[in-house]
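Could you build all of it, start to finish, from the sequences and the hints given here?
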Amino acid sequence: MSATKAAFVLVHGGWHNHSAWDRVTPLLEADGFAALTLDLPGAGVNAIAPTSLGLRPFDPVAFATERSPIAGVTQEQRTQAVVALVKEAASRSGGKVILVGHSAGGMTISAVAEQVPNLLLAVVYLAGFLMPNGLPLLAMLQHESLSSALAPGLFVGDPIAIGATRIHAGSTDEAYRALLKASFYADVSEADFAHAASQLHCDESNAGALAPSDITPGRFGTVPRHYIRCTQDRAIPLTGQDHMIATVDRAMGGKTTTHTLESSHSPFLSQPAKLARVLIDIGVQSLAEQSAEALDT
Numbered sequence: 001m002s003a004t005k006a007a008f009v010l011v012h013g014g015w016h017n018h019s020a021w022d023r024v025t026p027l028l029e030a031d032g033f034a035a036l037t038l039d040l041p042g043a044g045v046n047a048i049a050p051t052s053l054g055l056r057p058f059d060p061v062a063f064a065t066e067r068s069p070i071a072g073v074t075q076e077q078r079t080q081a082v083v084a085l086v087k088e089a090a091s092r093s094g095g096k097v098i099l100v101g102h103s104a105g106g107m108t109i110s111a112v113a114e115q116v117p118n119l120l121l122a123v124v125y126l127a128g129f130l131m132p133n134g135l136p137l138l139a140m141l142q143h144e145s146l147s148s149a150l151a152p153g154l155f156v157g158d159p160i161a162i163g164a165t166r167i168h169a170g171s172t173d174e175a176y177r178a179l180l181k182a183s184f185y186a187d188v189s190e191a192d193f194a195h196a197a198s199q200l201h202c203d204e205s206n207a208g209a210l211a212p213s214d215i216t217p218g219r220f221g222t223v224p225r226h227y228i229r230c231t232q233d234r235a236i237p238l239t240g241q242d243h244m245i246a247t248v249d250r251a252m253g254g255k256t257t258t259h260t261l262e263s264s265h266s267p268f269l270s271q272p273a274k275l276a277r278v279l280i281d282i283g284v285q286s287l288a289e290q291s292a293e294a295l296d297t
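Taking the numbering used here as reference, the numbering of the sequence shown is continuous, increasing by one, and the terminal residue is 297.
Everything labelled a hint here was simulated from the structure, so no lab data went into it.
Each hint should be verified, as a subset may be incorrect.
[Claimed, not checked] Here are the simulated DSS-like pairs of lysine-lysine, each with C-alpha atoms no more than 27 Å apart in a straight line:
1. Lys-181 x Lys-255
2. Lys-181 x Lys-87
3. Lys-5 x Lys-255
4. Lys-5 x Lys-274
5. Lys-274 x Lys-255
[Unchecked claim] For each label pair, taking beta carbons as the anchor points, the in silico distance ranges come out as:
6. Asp-296 x Thr-260: 26 to 32 Å
7. His-143 x Arg-92: 35 to 41 Å
8. Ala-273 x Pro-60: 37 to 43 Å
9. Pro-217 x Thr-74: 43 to 49 Å
10. Glu-190 x Gly-95: 41 to 47 Å
11. Gly-54 x Asp-296: 58 to 64 Å
12. Glu-174 x Pro-217: 45 to 51 Å
13. Ala-62 x Thr-258: 21 to 27 Å
14. Ala-194 x Thr-216: 17 to 23 Å
15. Pro-117 x Asp-59: 44 to 50 Å
16. Thr-172 x Ser-147: 41 to 47 Å
Just so we're clear, the structure is a prediction, and the values are computed from it rather than from any experiment.
We treat Cβ as the ideally placed atom computed from N, Cα and C, and that holds for glycine.
Next up, the structure:
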């Protein structure tokens with residue numbers, strides 16, 4: 001990789017895994033950037049499904065009440081997994097790292113930026129949860145700006161009782177599958193939707209939704225931040241995205257640089273080239289800003 005380029009660390013959102021980025025990473029790499037992904041603790045290869053998911057005949061009551069095998073996964077575990085990957089990316093790129101988080105992955109990248117701000121050129125939220133200090137993701141789910149969000153209609157069972165927020169991506173119920181597509185993949189083809197749904201795990205540990213954001217102006221606030229707004233998003237509607245941006249800007253000082261895609265919640269599937277172009281532009285801008293700062297010192 002050229003020494004003039006940076007490394008992207010791409011963090012997936014809830015119920016997803018590293019494969020969400022499969023159409024984007026080759027485009028970043030073709031432009032000379034490194035692109036690193038992972039499965040967060042409790043996600044992807046690290047996910048453990050409840051036994052009831054595989055029982056036949058399927059028992060919806062058992063599925064809605066069985067305690068989650070990944071209920072003990074903590075936000076700190078996820079944060080440290082990404083910190084480790086950021087350090088690896090920094091070693092590959094001469095300390096030039098751009099950290100990207102989609103959806104619930106925004107909580108993790110905020111925590112990472114608070115812990116290792118010196119390793120980051122920028123943080124980028126892709127229709128992500130950008131929460132002000134002291135508030136958990138759950139507070140945003142309950143905020144009026146997300147009142148039109150469709151995703152809560154997918155939740156199965158009582159999250160407190162089962163220790164996780166559970167969905168049933170493999171459901172054969174036509175109404176449920178239509179809601180899943182409308183929530184996450186409204187502008188994705190039926191074939192791509194079927195494949196994407198097959199990759200989802202069913203449980204997200206409650207820790208990610210209940211852990212308060214812990215960000216400060218002196219650490220998180222020193223990292224340039226970008227937000228990629230998705231105008232057709234029905235999981236995190238645009239009103240909620242804009243509310244979070246404004247709230248954090250007031251609390252942290254400085255201004256989040258915004259970018260806009262006319263897409264639903266998952267542009268990495270529906271518009272990978274356009275998303276990659278935005279990320280590349282952020283990378284180029286971040287490198288230019290770093291060079292300008294170096295000249296000033």
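Q: Please flag the earlier hints that this structure goes against, numbers listed from lowest up.
A: Those not satisfied are hints 1, 2, 9, 13, 14 and 16.
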